[in-house]
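Taken in order, these protein sequences are the chains called A and B.
First residue of the first sequence? That's 1 in the working numbering, and the numbers climb one at a time after it.
First residue of the second sequence? That's 1 in the working numbering, and the numbers climb one at a time after it.
Incorrect hints may have been included.
[Unchecked claim] Here are the computed distance ranges between Cβ atoms for each label pair:
| no. | chain 1 | residue 1 | chain 2 | residue 2 | range |
| --- | --- | --- | --- | --- | --- |
| 1 | A | 140 | B | 52 | 33 to 43 Å |
| 2 | A | 26 | B | 178 | 26 to 36 Å |
| 3 | A | 80 | B | 3 | 21 to 31 Å |
| 4 | B | 180 | A | 169 | 13 to 23 Å |
| 5 | B | 196 | A | 200 | 31 to 41 Å |
| 6 | A | 44 | B | 48 | 47 to 57 Å |
| 7 | A | 48 | B | 196 | 49 to 59 Å |
| 8 | B | 51 | A | 87 | 23 to 33 Å |
[Unchecked claim] Derived contacts from chain A toward chain B, CB cut-off under 8 Å, selection only:
| no. | residue |
| --- | --- |
| 9 | 70 |
| 10 | 71 |
| 11 | 75 |
| 12 | 164 |
| 13 | 192 |
| 14 | 195 |
| 15 | 199 |
| 16 | 202 |
| 17 | 203 |
Worth flagging that the hints you see were computed from the coordinates, not collected in a lab.
Owing to the predicted nature of the structure, the values given are computational and were not obtained by experimental measurement.
Backbone N, C-alpha and C fix where the C-beta goes; we use that ideal spot for every residue, glycine too.
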Amino acid sequence: MNYNFKFSALWPYMPEILSGVILTLQLASVAMLFGLAIGLAVAIGRVSSRPAIRMAARVYVEAIRNTPLLVQLFIVFFGLPSLGLRLGANTAAVIALSINLGAYSAEILRAGFESVRVGQVEAGRSLGLTAAQTFRHVVLFPAIKAIYPALASQFVLLMLTTSVVSSIGVTELFGQAAFIDSRTYRSFEVYTLITLSYLVFTLGFRALFSAIYWAVFVRRSHR
Amino acid sequence: MIREFSLNDLVFLLEALRWTVLLALVAAVGGGLLGLLVAILRTLAFRPANWLALSYINLVQGTPLLGQLFVFFFGLPLLGVNVDAWVAASISLSIYASAFLGEIWRGSLQSVSSRQWEAGASLGLTYMQRLTHVILPQAIRISIAPTVGFLVQLVKNTSLAALIGFVELTRASQIITAATFAPLTVYGIAAVLYFVVCFSLSQLSQRLERKYHAPR
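Okay, chain A solo, but in the shape it has when bound:
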């Protein structure tokens, strides 16, 4: 092997990398927010008393979970304009990521609902708790505690997945890698460095989320 590695060639592109990081985190956060909202609506739809709504919710979940995000992204970005709906790359990315996450978070939230049993609510009421107290301490808090780990890892997964939207020209972290590659011709160095930098955020978020879990759920239940 006689290739001279030159990671220092990337140093002048620090501002681009930084702006890529910021856009990646923004995309992940916004898509998480919208994805959770969609997921909540769909999870409620799946236990609806009307069969048509239950069916629609199930079709949505299965359609999204059994097709690749990349194809969903291409349908939103390249396909919708032929129906007269032209979207910017960033908007298309947020829409595709949110719709994608919606299906996964719907399943997580559904599991959360199911973890609370009717008997527990009755037990809460029979202990003299008010309806509001029962909802807060017996229904909401344990349900959030049950789904929190799954949602936390879903966020990390989403953050990694945002790299895919570079394919439609979004200049998030991975999109910046393509740009720097085109300027420096240091493909291997660029992609290795950018790929590894995601690891920093993965480990950072995991540590943050478990610290929050400990502070909110573990410490509190020991009091």
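Could you slot chain B onto chain A? The hints should help.
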């Protein structure tokens, strides 16, 4: 030159689907072998081996698969290995699969109660006899459904190989879209084809789950 979407294009997409399935199969086999090693290293009573396997899993699961694809695509030629997109995609998807399959199988192994080991020992079975006759039959039953479930992820993720130029279903769709300019039709058909493969696997996984996890 723009032309109409025709039956030939559909045939082209179906042929490209073969490459999607083949890539997923190669990654499942390669990832399976490597994943077995990961699962063994994770469960071995030897700390450095556990840490090594855990670092590997964190590295693979903590970075984007798209990034791994690009690193192998541009990195292997530097080692003097002449690779095309097919080889780079096979290798990086195998590595990706090994980290997830390794964890699934470690979980399955460890979910068999340690008392089963003790029971085997008290019956006078050797270590290998306990492993092959007591532990593995139970662990394999537990692991089948989640393993098939992971194959759905693997099939979907082969689509990322399109971005390094490997002509599987998604790349073929891009090519046809460029010629026909019917993106909604072409990507719609691609989505349906992926759905047929993935939904079948999902249903199979759920059926296996019910079969092997039913209370006995």
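A quick look at each hint next to the structure:
The beta-carbon spacing between residue 140 of chain A and residue 52 of chain B, approximately 42 Å, falls within the hinted interval of 33 to 43 Å. Look at residue 26 of chain A against residue 178 of chain B: about 31 Å separates their beta carbons, and that is inside 26 to 36 Å. One distance hint, 21 to 31 Å for the beta-carbon pair residue 80 of chain A and residue 3 of chain B, holds here, with the actual separation near 22 Å. Checked against the hint of 13 to 23 Å, the C-beta distance between residue 180 of chain B and residue 169 of chain A comes to roughly 22 Å, which is consistent with it.
In this structure the hint that residue 196 of chain B and residue 200 of chain A lie 31 to 41 Å apart at CB holds, the actual value being about 39 Å. With their beta carbons about 49 Å apart, residue 44 of chain A and residue 48 of chain B fall inside the hinted range of 47 to 57 Å. Between residue 48 of chain A and residue 196 of chain B the C-beta distance comes to about 28 Å, which lies outside the given range of 49 to 59 Å. Checking the proposed 23 to 33 Å range against residue 51 of chain B and residue 87 of chain A shows it is violated: the Cβ atoms sit about 46 Å from each other.
Hint status for residue 70 of chain A: holds, given a least beta-carbon distance of 4 Å to chain B, under 8 Å. Because the beta carbon of residue 71 of chain A sits about 5 Å from the nearest beta carbon in chain B, less than 8 Å, this interface hint is met. About 5 Å separates the beta-carbon of residue 75 of chain A from the nearest beta-carbon of chain B, less than 8 Å, and the hint is met. Interface hint status for residue 164 of chain A: upheld, as the beta-carbon distance to the closest one in chain B is roughly 6 Å, under 8 Å.
Interface restraint check: residue 192 of chain A against chain B, minimum CB-CB distance 5 Å, threshold 8 Å, status holds. Hint status for residue 195 of chain A relative to chain B: holds, with the closest Cβ pair at about 3 Å, below 8 Å. Annotation: interface hint on residue 199 of chain A holds; nearest CB of chain B at approximately 5 Å, less than 8 Å. Because the closest C-beta pair between residue 202 of chain A and chain B is about 4 Å apart, less than 8 Å, the hint holds.
Taking 8 Å as the C-beta cut-off, the interface hint given for residue 203 of chain A holds, the closest approach to chain B being about 6 Å.
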